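Engineer: Sequence:
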Amino acid sequence: MTRTPSPLPPGLGDVFRVGRALDEGATSRRLRASDLEAPFHGVRRIPASPSPEDHDPLAQDRATFRRVLRDARAYAEVMPAGAFFVGRTAAILHGLPLEPGAALEVGVRAPSRAPRAAGVHGVKVAGQLVSTGSCAGVPVTSPASTWAMLGRDLTVRQLVVVGDAIVRVPRGRSGIPMPEARLATVAQLAAAAHAGSRRGSARLREALELVLPGSMSPLETEFRLDAAAAGLPEPELDGEIRDASGRLLGISEFVFRRWRVVVEVEGDHHRTSRAQWHRDLDKYAAYAAEGWEVVRVTSRHIRSGSAVRLLRDALARRAAT
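Counting from 138, one number per residue, gives the positions in the sequence shown under the working numbering.
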């Protein structure tokens with residue numbers, strides 16, 4: 138017969154140090170019970186409750202964020218004083234579009250010794266090359282410092298994707314830009330990139346020339362880079378389309394006003410959300426009534442290269458009229 142573990146001391150929370158639990162009356166045997174996880178040496182954690190099934194297209198991103206944050210909070214219980222999360226771990230915590238690494242990435246300022254532990258990759262950073270803050274309750278490198286430190290591992294294209302995500306200006310529900318909500322400015326990325334000599338400096342400088350506010354997703358950045366490489370005209374990003382009276386008809390990812398062409402990058406939410414589907418239909422009808430042509434592309438179009446051809450053809454048709 139399986140025995141039910143005895144209650145833990147009150148107030149420990151979902152994650153706690155072994156030493157604290159012992160001080161508050163828990164026994165070593167209790168802390169070895171199967172209802173607790175040991176994500177890191179000296180730490181115990183109550184397992185997360187199963188999340189309800191989520192079919193939203195961004196469900197995987199949310200699940201990754203929750204997992205990394207749970208691990209970060211667990212390690213924060215025993216991390217060295219002054220340490221902070223860096224690299225892909227910091228990027229995930231900031232909500233940036235990157236896959237997590239196999240281990241938590243934890244940094245310290247030189248001359249402190251980088252931490253070593255199972256499930257942790259420690260790095261030592263020159264003090265002038267890093268700025269830190271807090272995100273979701275744990276210490277992390279700032280968004281700009283996170284981006285600069287990723288220069289050692291990412292390609293130029295990946296750095297542009299992440300950079301665009303950092304400098305993008307979110308819009309509220311009414312479509313009003315909220316510059317105060319962006320993670321950092323291009324100038325702040327530049328300051329971080331030029332803070333001193335570091336691995337990947339050349340890639341950072343090259344990427345910095347390509348980062349722009351306005352791309353709201355990695356797919357949009359990829360398409361923007363491909364269109365520029367193909368020699369197509371530079372678009373207005375995240376542009377507002379209005380009728381002759383000034384009424385806002387919609388906001389589109391890429392706007393070519395001279396040709397009255399817009400490109401709409403359609404993710405899965407355009408397909409799975411009935412409300413979004415109807416909003417799109419209304420917007421496209423309003424665009425057509427004002428003489429705009431809409432080029433609709435998906436991830437398949439972008440990653441196969443056919444999106445650039447679709448745009449080129451649309452611009453050519455408009456130029457011929």
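To be clear, the hints were calculated from the coordinates, so they are not data collected in a lab. Please note that the accuracy of each hint is not assured.
The calculated label-pair distances, taken between Cβ atoms and stated as ranges, are [what the hints assert, rightly or not]:
{"hint": "1", "residue 1": "R433", "residue 2": "A254", "range": "42 to 50 Å"}
{"hint": "2", "residue 1": "G264", "residue 2": "S441", "range": "21 to 29 Å"}
{"hint": "3", "residue 1": "A339", "residue 2": "R394", "range": "34 to 42 Å"}
{"hint": "4", "residue 1": "E343", "residue 2": "R446", "range": "38 to 46 Å"}
{"hint": "5", "residue 1": "Q265", "residue 2": "V323", "range": "19 to 27 Å"}
{"hint": "6", "residue 1": "G309", "residue 2": "S334", "range": "21 to 29 Å"}
{"hint": "7", "residue 1": "D172", "residue 2": "A254", "range": "20 to 28 Å"}
The list that follows gives simulated cross-link-like pairs (lysine to aspartate or glutamate, EDC-like), each with its CA atoms no further than 20 Å apart [to be verified]:
{"hint": "8", "residue 1": "K420", "residue 2": "E373"}
{"hint": "9", "residue 1": "K420", "residue 2": "D380"}
{"hint": "10", "residue 1": "K420", "residue 2": "E359"}
{"hint": "11", "residue 1": "K420", "residue 2": "E403"}
{"hint": "12", "residue 1": "K420", "residue 2": "E371"}
{"hint": "13", "residue 1": "K261", "residue 2": "D290"}
{"hint": "14", "residue 1": "K420", "residue 2": "E401"}
{"hint": "15", "residue 1": "K420", "residue 2": "E430"}
Keep in mind it's a predicted model, so treat the numbers as computed, not measured. Cβ coordinates follow ideal geometry from the N, Cα and C atoms, glycine included.
Engineer: Is K420 close enough to D380, meaning Cα to Cα at most 20 Å?
Structural biologist: Holds, because 12 Å separates the two Cα atoms, which is no more than 20 Å.
Engineer: Verify the CB-CB distance for G264 and S441 against the hinted window 21 to 29 Å.
Structural biologist: 46 Å, violated
Engineer: Are E343 and R446 spaced within 38 to 46 Å by their CB atoms?
Structural biologist: Distance hint for E343, R446 is violated at roughly 26 Å.
Engineer: Is the gap between the beta carbons of R433 and A254 within 42 to 50 Å?
Structural biologist: 49 Å, holds
Engineer: Could you grab the alpha-carbon distance between K420 and E401 and see if it respects the 20 Å cut-off?
Structural biologist: 11 Å, holds
Engineer: Run the distance test for K420 versus E359: straight-line Cα separation, threshold 20 Å.
Structural biologist: 24 Å, violated
Engineer: Do the alpha carbons of K420 and E430 lie within 20 Å of each other, as the hint requires?
Structural biologist: 12 Å, holds
Engineer: Check the hint pairing K420 with E373 against an upper bound of 20 Å on the C-alpha distance.
Structural biologist: This hinted pair holds, its Cα atoms lying about 18 Å apart.
Engineer: May I ask you to test the hint 21 to 29 Å on the CB atoms belonging to G309 and S334?
Structural biologist: 41 Å, violated
Engineer: Take the C-beta atom of A339 and the C-beta atom of R394, compute their distance, and say whether it sits inside 34 to 42 Å.
Structural biologist: 35 Å Cβ-Cβ, so the 34 to 42 Å window holds.
Engineer: Given the proposed pairing of K261 with D290, does the C-alpha separation stay at or below 20 Å?
Structural biologist: 15 Å, holds
Engineer: Lying within 19 to 27 Å: is that true of the beta-carbon distance Q265 to V323?
Structural biologist: 21 Å, holds
Violation of the numbered hints given earlier is confined to hints 2, 4, 6, 10 and 12; the remaining hints are satisfied by the structure.
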